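Colleague: Given next are the chains, with one letter for each unit.
2 protein chains.
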Amino acid sequence: MKKIQKPYALFIGDAPDMLAAKTAIGVRDWRPDDCIGQVKLSGCAIDLGLESLTIEEAANRGAQTLMIGVANRGGVIPNNWLQTMLDALNSGMDIASGLHTHLNSINELSSTAAKLGRQLFDVRIPDKDYPIANGKQRSGHRLLAVGTDCSVGKMYTTLAIEAEMKRQGWNATFRATGQTGIFIQGSGVPVDAVISDFIAGSIEVLTPSNSDDHWDIIEGQGSLFHPSYAGVSLGLLHGAQADFLILCHEPTRLHMRGLPEQKLPGIQECLDLNRQMAQVVSGNSQFAGISVNTQHLDDDKRSDYLLDLQEQYGLPCIDPMITGVKPILVELEKRCNL
Amino acid sequence: MKKIQKPYALFIGDAPDMLAAKTAIGVRDWRPDDCIGQVKLSGCAIDLGLESLTIEEAANRGAQTLMIGVANRGGVIPNNWLQTMLDALNSGMDIASGLHTHLNSINELSSTAAKLGRQLFDVRIPDKDYPIANGKQRSGHRLLAVGTDCSVGKMYTTLAIEAEMKRQGWNATFRATGQTGIFIQGSGVPVDAVISDFIAGSIEVLTPSNSDDHWDIIEGQGSLFHPSYAGVSLGLLHGAQADFLILCHEPTRLHMRGLPEQKLPGIQECLDLNRQMAQVVSGNSQFAGISVNTQHLDDDKRSDYLLDLQEQYGLPCIDPMITGVKPILVELEKRCNL
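Read top to bottom, the protein sequences are chains A and B. Residue 337 in numbering that gives the first Met the number 0 sits at position 338 of the first sequence, with consecutive numbering throughout. Residue 42 in numbering that gives the first Met the number 0 sits at position 43 of the second sequence, with consecutive numbering throughout.
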C-alpha cells in the first residue's frame, strides 16, 4: 500500500460520542506527534484534546492528510462532510478514509483530487494484487498477536510492544492489518478485504525478510475459534511465519463477540491450537506471553488475575495499558539469548 | 449464483493435451447427460469421446450454454476463440468460463451478449455480496470433504458420494466450491475468490437449512495444513457446519502441493485438527471415512493400503473411483440410525 502522508488533521465531523471516533482516538493515542489537530463540524459532541483547527489552519501548519477519524451510521459519507473534504483537497491535503463508502466513488471528490494531483486513500481496499503465499522461510523476527476472540486488544498489544521495543532501542516495526492500524502506521494490509486465496500471501508481502535483529510486530485479527472470521485469522497466522506469538484475552466476555450462542474457547486450547498452526510454517514458533484487557476487572482483582494466569501457563501475563509490556520483552530476550 | 443453463456444448478449442481440458473432462465424467457434444477448433489434439459438433449443430440439438472447458496459458482468451464464442451467442447460447480473463471484460462479447439478452458467466467471480457468517445452527445433514493437501480428490469424492446417495434414493445435493464443480452443478460459490471476511458466510448461504433427511455434500478446498490456502479451508469448514467429514488423501505425495519444502501432515493430525475445528460450530461433527486417491499405487498394493488404513483409524477407507463409496454410506446410516 502506498504510504499515507503524515502529519494528519483528524476529521471528527459531527461525531455524537467517543465510540464513533474510535479510529481518530487510536491515532491520537499511538501517534500523537503525527496529529496536527482536530477538525470538527458544528454539532460535534466530542473533543480529542487536540487543538481544533479549520482546514486552512491545518494546511498552514503542515497537515498532509485529512484523516476521516469518525464512523457514520452504515459507513456512509454524509453530504455535510463534503465541503470540508473538498476544502482539504484544495488546500493541498490528501484524504484517507476507512468508511464503507469509498472516497473514490464520490465523483466530486475523485474529479477534484485528479485535477489537483491529490490522493484519496480508501484503506478498506487492498491497493495491489497479492501473490499466493509460498511459505518460504524469511529472516528477521516476527511476533504476532492472536486472540481468544475478536476485539480483545490485539492492536493495542502490538502497538505497546513496538513502542516499548523502540524505547529500549530495539529495531521494530508495527505491521498493520486493520483500518485503524493502517492509519496509525500510514500503511498496511486490510486483510479482511483481501480475496481469500491471497490472505497468507498478503501477509508475507507485509512482513518480508529483514535483518536478523529486526522485529516485525504484527497486528492480529479475529480468532481461530470465531466462526465468522477464523479463515482470516488462520491465513494471517500462516502468512506471518511468526517465531513468537502473544495471546490476547478479555476475561469478562460471556460469548464470542457478536454471536450470543457461541461459547468461548479455553486459554489452553487457544495456546495449543495457535502454536500447532503457527508451527506448520515456522517450526519453532512459541508463545511469549498473554496480554489481558483487564479494563472491566475490579482494581483489586487485576493483579491476582494476572498472577494466577502467569502461574497457570508459565508465561508473562500483562495488561499493555496498565502494567505495560516490559515482561514480554524480558521473555523475548531470554528466549533469543539477546 | 444464477444457475448456468444446461445442457452444455463443451468447448475444447485447440487444446494440446487432456490436462488442458481438465474442466471439460470433469463435466463429461460427472454430468454426461448434460453434455450435447464437444466443439473443437482446428489444431485440437484431444477428444472427449463426445460427438464433435459445430456451434450451429449444438444449438439445433438444444445446447443452452457454451462451456469453456479448456484452460489456455495464463488463463487468457485467445483471438482465435472469439468467433466461435460470438457464433454461440448469435445461435442463442449463453457462455460460461472459469478463465482468469473475464468474458465480461471482452467488449465484443459483452456488447453482443447485452444486445441479444444472453448471459456471460464468469464462474471465478462471486456474483453476489455474501454476509458475515453467523454460525447459527441449521437443519439437515451436511457432509464436507477435507484434505491432507490440495488436489487430492475432494471434488471427485463428494461427487461420488452424491451419485451413490442418489442411486440409493437418498435426498442429496452436491454443493460446489470451485470452478469445475460449479460447471458440473450449474451453480456454487467460487470460495477462493470471495473477500476473506465472507468466506464462512458464503458457505452458510450455499448450504442453508434443509429438510431433516436432506444431505448437502460439500466440495472442500485446500487443507488446514497448506500454508497458501489454509484460511480458505478453515472458513469453509466453519461455514459448512458439517455433521460429517471425509478426509481425502493422496498417499504418494512427497511434499505439500506446489511447496517442495513443506512437509505433509500426518493423517491422525488431520483427523484431529479438522474435527476440533469443525466442532467449534457443529459440536458432534465426526469423520465418517477416509477417501484415498490410489491411482499412483501399484494394483497389488491398493487393497493392503486401504485395509491397513481402515484398521489403523477405524473408519471406512475407500477410493471413490476404484472401490466406490458404498462403505461410507453404510457408515453414515449406522451413525445416523437410518
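I should point out that these hints are in silico values taken from the structure, not numbers from a laboratory. All of these numbers come straight from a predicted model, not from anything done at the bench. Please note: incorrect hints may appear among the correct ones.
Stated by the list, open to error - Below are the EDC-like pairs computed for lysine to aspartate or glutamate, each with C-alpha atoms no more than 20 Å apart in a straight line:
# : chain 1 : residue 1 : chain 2 : residue 2
1 : A       : K21       : A       : D46
2 : B       : K135      : A       : D46
3 : A       : K5        : A       : D126
4 : A       : K135      : B       : E163
5 : A       : K165      : A       : E332
6 : A       : K325      : A       : E163
Colleague: Work down the list of hints and note, for each, if the structure agrees.
Modeller: Taking the hints in turn, this is what the structure says about them:
A distance of roughly 12 Å separates the Cα atoms of K21(A) and D46(A); the hinted pair therefore holds under the 20 Å criterion. Restraint check: the Cα-Cα separation between K135(B) and D46(A) comes to about 40 Å, which exceeds 20 Å; the hinted pair is violated. A hinted pair counts as satisfied when its Cα atoms are at most 20 Å apart, and K5(A) with D126(A) qualifies at roughly 19 Å. A hinted pair counts as satisfied when its Cα atoms are at most 20 Å apart, and K135(A) with E163(B) does not qualify at roughly 42 Å.
With a C-alpha separation of about 14 Å, the suggested pair K165(A) and E332(A) falls inside the 20 Å cut-off, and the hint holds. Under the criterion of a C-alpha separation no larger than 20 Å, the hint pairing K325(A) with E163(A) is consistent with the structure, at around 7 Å.
In terms of the numbered hints stated before, the structure departs from hints 2 and 4, listed from lowest to highest.
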